[in-house]
Amino acid sequence: DVKVTQSSRYLVKRTGEKVFLECVQDMDHENMFWYRQDPGLGLRLIYFSYDVKMKEKGDIPEGYSVSREKKERFSLILESASTNQTSMYLCASSLPRAWNTEAFFGQGTRLTVV
Amino acid sequence: AQSVAQPEDQVNVAEGNPLTVKCTYSVSGNPYLFWYVQYPNRGLQFLLKYITGDNLVKGSYGFEAEFNKSQTSFHLKKPSALVSDSALYFCAVRDPTGTASKLTFGTGTRLQVTL
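Line order of the protein sequences matches chains A and B.
Sequential numbering from 1 applies to the first sequence in our numbering.
Sequential numbering from 115 applies to the second sequence in our numbering.
Only chain A is shown next, with the shape it has when bound in the complex (with noise of 0.2 angstroms):
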């Protein structure tokens, strides 16, 4: 089976931490994406990677970075902490170039600043 899997279902942070979300995937998908979910506005896309060391914004990068060392591995960094960053985020994995397929998600990672 088809796996993603993000280190924490739940993290409680501080404001001004900095804090590393983990994402794996064990179907060697060149793809990586992270997104937030927030009520009422859907999905949004954070980042995305396409390939190891590469990465291209998505639509609301700003208080993001990423990190893609390992093919399996992609990691969403949020660089200080704020409390409007206190959200469900998402991550997901998918074929390259393969636009006729689905993109696999994690379980999610409740991220709580305080």
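Source of the hints: derived by calculation from the structure; they are not laboratory data.
The beta carbon of each residue, even a glycine, is placed where N, CA and C say it ideally should be.
Wrong hints could be hidden among the right ones.
To be verified - Simulated pairs of lysine to aspartate or glutamate, DMTMM-like, Cα-Cα distance not exceeding 25 angstroms:
| hint | chain 1 | residue 1 | chain 2 | residue 2 |
| --- | --- | --- | --- | --- |
| 1 | B | K163 | A | D38 |
| 2 | A | K53 | A | E22 |
| 3 | A | K3 | A | D26 |
| 4 | A | K3 | B | D199 |
| 5 | B | K172 | B | D123 |
| 6 | B | K163 | A | D26 |
As the list claims (entries may be wrong) - Covered stretches of chain B, as calculated for chain A (at least 3 residues, CB under 8 angstroms):
| hint | segment |
| --- | --- |
| 7 | 158-164 |
| 8 | 217-228 |
Assemble the complex: chain A is given as a structure, and chain B must be docked to it using the hints.
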């Protein structure tokens, strides 16, 4: 730029009745359309997709969706709803003329099925 609209925040239906969750899209080329479901505190699960071919697509858990190019719609349907179908549903579009393979999601529709 591609976009998806889900005009209803919530849909209420009685168990056993048919259900429809609406989705309209906007893309510059031919669309690739997807439906996902999210149960409480979980990630998204893939339900079905339209790529090409028959306008009626069948997916998981008895769900189907109808692609209508002239109305730019991709409504999710099920002939007989179950209480266990209660969840958050997302429509998504992938524009093949865009960069990479990123999906653009709608804002989601909460389906509530009652006895």
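To see whether the hints hold, each was checked on the structure:
1. With a C-alpha separation of about 24 angstroms, the suggested pairing of B/K163 with A/D38 holds against the 25 angstroms cut-off.
2. Taking the CA atoms of A/K53 and A/E22, the gap is near 15 angstroms; set against the 25 angstroms cutoff, the hint holds.
3. The straight-line distance between the Cα atoms of A/K3 and A/D26 is roughly 6 angstroms, inside the 25 angstroms bound, and the hint therefore holds.
4. Straight-line distance between C-alpha atoms of A/K3 and B/D199 comes to about 23 angstroms, which keeps the hinted pair within the 25 angstroms bound.
5. Note on B/K172 and B/D123: the hinted pairing holds, with a Cα-Cα distance of about 24 angstroms set against a maximum of 25 angstroms.
6. Only pairs whose Cα atoms come within 25 angstroms are accepted, and B/K163 paired with A/D26 is accepted, the gap being roughly 23 angstroms.
7. With 4 residues having a beta carbon nearer than 8 angstroms to a beta carbon of chain A, the segment 158-164 of chain B meets the requirement of three or more and the stated coverage holds.
8. Residues of the segment 217-228 of chain B lying with their CB closer than 8 angstroms to a CB of chain A number 6, which satisfies the three-residue condition for coverage.
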